[in-house]
Every structure is written in structure tokens, then in C-alpha cells.
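*Asks:* For the record, the sequence lines run as chains V and H.
For the first sequence, my numbering gives the first residue as 1, with consecutive numbering after it.
For the second sequence, my numbering gives the first residue as 1, with consecutive numbering after it.
The hints are simulated quantities; they were obtained by calculation from the structure and are not laboratory data.
Remember, predicted model here, so these are calculated numbers, not experimental data.
Virtual Cβ for every residue (Gly too), placed ideally from N, Cα, C.
You may find that some hints are simply not true.
[Claimed, not checked] Quick look at which bits of chain H chain V covers, simulated, 3 or more residues with Cβ under 8 angstroms:
1) 105-111
2) 122-133
3) 145-152
4) 176-189
5) 234-242
[Said to hold, decoys possible] In the BS3-like style, the derived pairs of lysine-lysine whose C-alpha atoms are separated by at most 30 angstroms in a straight line are:
6) H:Lys63 <-> H:Lys224
7) H:Lys224 <-> H:Lys54
8) H:Lys63 <-> V:Lys258
9) H:Lys151 <-> H:Lys70
10) H:Lys224 <-> V:Lys217
11) H:Lys93 <-> V:Lys258
12) H:Lys151 <-> H:Lys93
13) H:Lys151 <-> H:Lys224
14) H:Lys93 <-> H:Lys70
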Amino acid sequence: MLLRFTRAALLTGFGAAVLLPLLLVGGASLKSAPDFYADPLGLPKQLFFGNYSALFENQPMWSYFRNSAAVTLGTVGLALLLSGMLAYGIVRSRSRWTQAVYAVFVLGLAVPSQVNMLPIYSFVRRLGLTNSHAGLILVSVSVLLPLSVFMLAGFMRSLPHEILEAGSIDGAGEWRLFATVAVPLSAPYFAATAAFLFVIVWNDLLFPMMLLNGREKLTLPLAMLQFRGEYVSNYTMLMTGVVITALPMILIYVFLQKYFITGMLAGSLKG
Amino acid sequence: MKRTRSLLPFLLPGLLLYAVLFVYPSLTGLYYSLTDWDGISPSNRFVGLEQYGKLMDHIVFRKSLGNNLKFMLAVVLLQSSVSLVLALQLWRKSRFHTALRSLYFVPTILSSVAVGFIWTFLYDPTLGLLNTSLERGGLSGWTQNWLGNPKLALYSLAFVQAWAHIGQMVILFVAGLQSIPSELLEAARMDGGSRRQVFFRITWPLLAPAATIVVAYTTIQSFKAFDLIFTMTSGGPNYSTEILSTFIYSTAFTNYSFGLASAASVLFLVLIAAITFIQFRLLRADRITY
């Protein structure tokens, strides 16, 4: 009895620790500034949407949103394409050379981006690719390749080998096998990898902060940091920014949870 | 061999991008650490190991190294233990358990900037949740300037880091728990094993692989906590929350000592490699397979 009570208290306790901050943030975004400072933590007395309209009027929010979407989709798409091809090549051929290629990528897993951000930055600047989404996408893809190659190669190893062999004997070329057999069969794995990469890229601050500086190029997390300078301890506006940035991600998570979880599990097993 | 050749087009594009934008810069970073480059001017001077020598006496570097280790220990202890306790209560495939696990996971998908803003609000000394609750609970003596007190700020950040990733670790532990054959647990209970015995003799040893992953992952994650710390304190007050990554960033982009920052990056990598190696040695040693 006591045990059951402690267990319930524990589980709901942590549930509250997750939920309460999120509710407070949502509440703060729906209060006018005077209401907020009168009672920062209580329920909004009346729903006030002024912060949202003010933020959209004073900030190019749609452009930030578009930038984030473009960078995220571009990065995840290109990373999946390149690492899908790499994983296929690595799994299909067992020659020493391809295994060496795999080893080079796995080695890259051990290098956190904070370690090579400086040389990457100065190289990209020398190429003249700073303040461009294309440059940011290429850098993000190359930094994420070790992770996505590792995940997809791990997944593709579990594909039934006989199917590919049979196709190969029937005279299908590698491209055809890749496009009509390997990719369709591993579609759920691609989805899981995509979900995992999506979270990383959508939320990234480090590389956008180093590589982008024009206001018209900023991604959402970067724009949020900018808000902090403009709305110094103006919590209602800041919390509104949090809601706007987080909401798309939470909605996607609610609908595609399964892929987030499998992707996260596979991505963490790299240890 | 013929097959390898026909597979070459699959490997080349990715390999090329990776070589140009990842491998090559990483190697140049090693070279920059041996120069006095400021990151901007076209020329630089080769200075050998001088930057490494400077780092050894650099007060802020030493402080951020120490902070990084303290932060890592605090996060690893808090995050692994809480997530283990929760996972042990929450590992069934029932709808209720699955729903709670999904809720716990939500902070993990938020950006560190958003998490940083949320907790800056909750930690606010006058209107935040923490101090307000303490005051209303009659504990006004316990109120703190959570992020402004140099003795406390690093641990306040460690708490936020753990808050954001406990749900993720619960899921890793649950995957480990669900892979334990239930016949094993039933057999042990039928043989009259107490709860405690079953846990320490069966569950815990079989959970060791999952625990290894959680601890290793949390360690690396804590070293990468740049976004969160940059958002919440940017290393302050008085460098009390400066960790290696924020040190590298400000040294390169605020003080324009690119060479010095590159040397710190190299040492950062060596440290991570060493810690990972030690952990695997320690944790793999007591792995048991049935």
C-alpha cells in the first residue's frame, strides 16, 4: 500500500515537474504585462493575445519560421540522401575499403561539434559561404553525417540480404536495387533517423549563430536570443517567443511520436 | 571488387562533403593551435606549443575545466539516478506508462534556447516559481538568486540540463528493462526471491548495458551543453559557469585569440576521449550476460 502510494507520488511528481513549467510559460504568454507582473504565476484572468500579435507585428516571425523550416528540411533531406547512399554502399560491399569508409565516419561520432567549430567556421568564411543558408546546410549535413550513417547502416544491416541478392541475380543494377528495394524496405528507419535529425537541426544554436548574421537569415532559436536583447526581462514577450518556437515541434512530436522514440533510441546506442 | 566499384558512386558524394567540411577543417584546427592566429588577419605565425603552455596558466581556462567536470558529475549523478528510479516504476507496455513516458520526453525535443528562457523565468529571484513557492511555503530564508550566486549558478544549470533530458534517459532504461526476459524474473520470484534480491541479483546486472549507455551518453551530452549555458548565463557571473565550450567560443569570437581557442579545442577532445575510454573500462568490466 505504502509502496503503491510512493510510486504514484513519484510518477505524478515528475509529470508535474515537466508539465507545470510548460503551463506557466503558456500562461505568461497569454497575460498582458500589468496582469503578469501583478500575478506572474496564476492563471490568466482573461485571455490576452496581444503578445502574439505584437510579436508578429514587430518581428519578421514568418521569415524566421521560413528560415528554420528551409534550413531544417534542407539539412535533413540532404543528410538522409547522402547517408542513405553511404549506408547502402557500406552494407552491400564488404570490401576492406568500404569498411574503412565506415570506420572514418564512426570515428567522427567521437568528435563533438564544439571541438571543430572554429576550423569549420574559418574554412566556411574563406569559401565565402557565411550568412547563407546553403553554407549552413552543407556544414550541418557534414557534421551530422557520422550520426546518420551510423544509424542507417545499423538499420540496413537488418534488411534480409536474400532479397537484394535475388534482385542482383535478376540483373537489376545497384541504383535500381537501392531505389526500389533498399529504400522502400527501410522507410520506417529513414523516418526514425529523420525525426532524430529534425530535433537536432531545428533546435541548433551553435552553427546558425556562427554562420548567420543578417536579420533576414536568422533561424528561430537565434531570433529568440535576439529578442532577449530587445525585450530585456520582458517575460511575457519572451515566453510568447518560447511558445511560438516550441509549438511546431511539439505538434509534430504528438503525431509522429513513434519515430521520435525509435530514432532517439537508435541514435543514443552509438556509445 | 567489381561490386565495390559499382558501389563507388554511392559512397563518393557523402565522403567528399565529409572530407571537405569535416575532416579537413578538423586537421587545420590542429595546425591553428600551433599558431598565434587571431582568426581574421590573412597571416599567422607558427609558435609551436606556446598556446598550450599559455592555457596551463590561464586562470579562466583552468576554471572552466574544473567547472566542466563539476557540471558533468552533477548532471550524470542527477540525471542517471532519477531516470533509473522513474524507469523502474514505468517500464510496462501499458497505456498509462507509455503516456507518462511520452510526457517526460517532451522537454528533450525543446530547443536549449527555449529551455533556457523557461528556466530563466522560473529562477527569477523576485517573480519566479522557485522563490515564490518558497516564500509562500514560509521558507523565505531559503530563497536564492539561483543564477546570480556564483556558488550556486553552475548547479542551477546542471538541474535544468537534467530536467531537459531525464525523459530521454527513462526511455533508454525502459528499453533495457523490457529486454530482460520476464521468465527470468518470474522464476526468481517463484523460488522465493524477495523484491530486493530480484533487483540486485537479476534486474541490475542485466541492466548494466543500458546503464553504460545512459552514463556515457549523459557525460558527452553534459560536455556539449553549450547552447543552454550560453543562453542562460553566458559563463557568468564571474566565470562561475564558464565551461570549455563557452570558453572556446568567447576566446575565439570575443577576444580574437583563435590560436589559443584552437589549443583549448584540442585539449577538449583529448579530455572527452579519455573520459569515454575510462568509463567504458569501468562499466564494461562488470557486465554480466546470462
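*Asks:* All hints are to be evaluated individually against the structure, with a verdict given for each.
*Replies:* Taking the hints in turn, this is what the structure says about them:
1. 105-111: holds (count 7)
2. 122-133: holds (count 6)
3. 145-152: Per the Cβ count (0), the hint is violated.
4. 176-189: The restraint on the stretch 176-189 of chain H is violated, since only 0 of its residues have a Cβ under 8 angstroms from chain V and three are required.
5. 234-242: Our answer is that it is violated, as 0 residues pass the Cβ test (under 8 angstroms) against chain V, missing three.
6. H:Lys63 <-> H:Lys224: Distance of about 17 angstroms is within 30 angstroms: holds.
7. H:Lys224 <-> H:Lys54: holds (24 angstroms)
8. H:Lys63 <-> V:Lys258: Not OK: Lys63 of chain H and Lys258 of chain V at ~42 angstroms, beyond 30 angstroms, violated.
9. H:Lys151 <-> H:Lys70: The given pair, whose Cα atoms are some 12 angstroms apart, holds under the 30 angstroms limit.
10. H:Lys224 <-> V:Lys217: holds (25 angstroms)
11. H:Lys93 <-> V:Lys258: Distance of about 14 angstroms is within 30 angstroms: holds.
12. H:Lys151 <-> H:Lys93: Violated, because 43 angstroms separates the two Cα atoms, which is more than 30 angstroms.
13. H:Lys151 <-> H:Lys224: Between Lys151 of chain H and Lys224 of chain H the Cα gap is close to 22 angstroms, so the pair holds against 30 angstroms.
14. H:Lys93 <-> H:Lys70: violated (36 angstroms)
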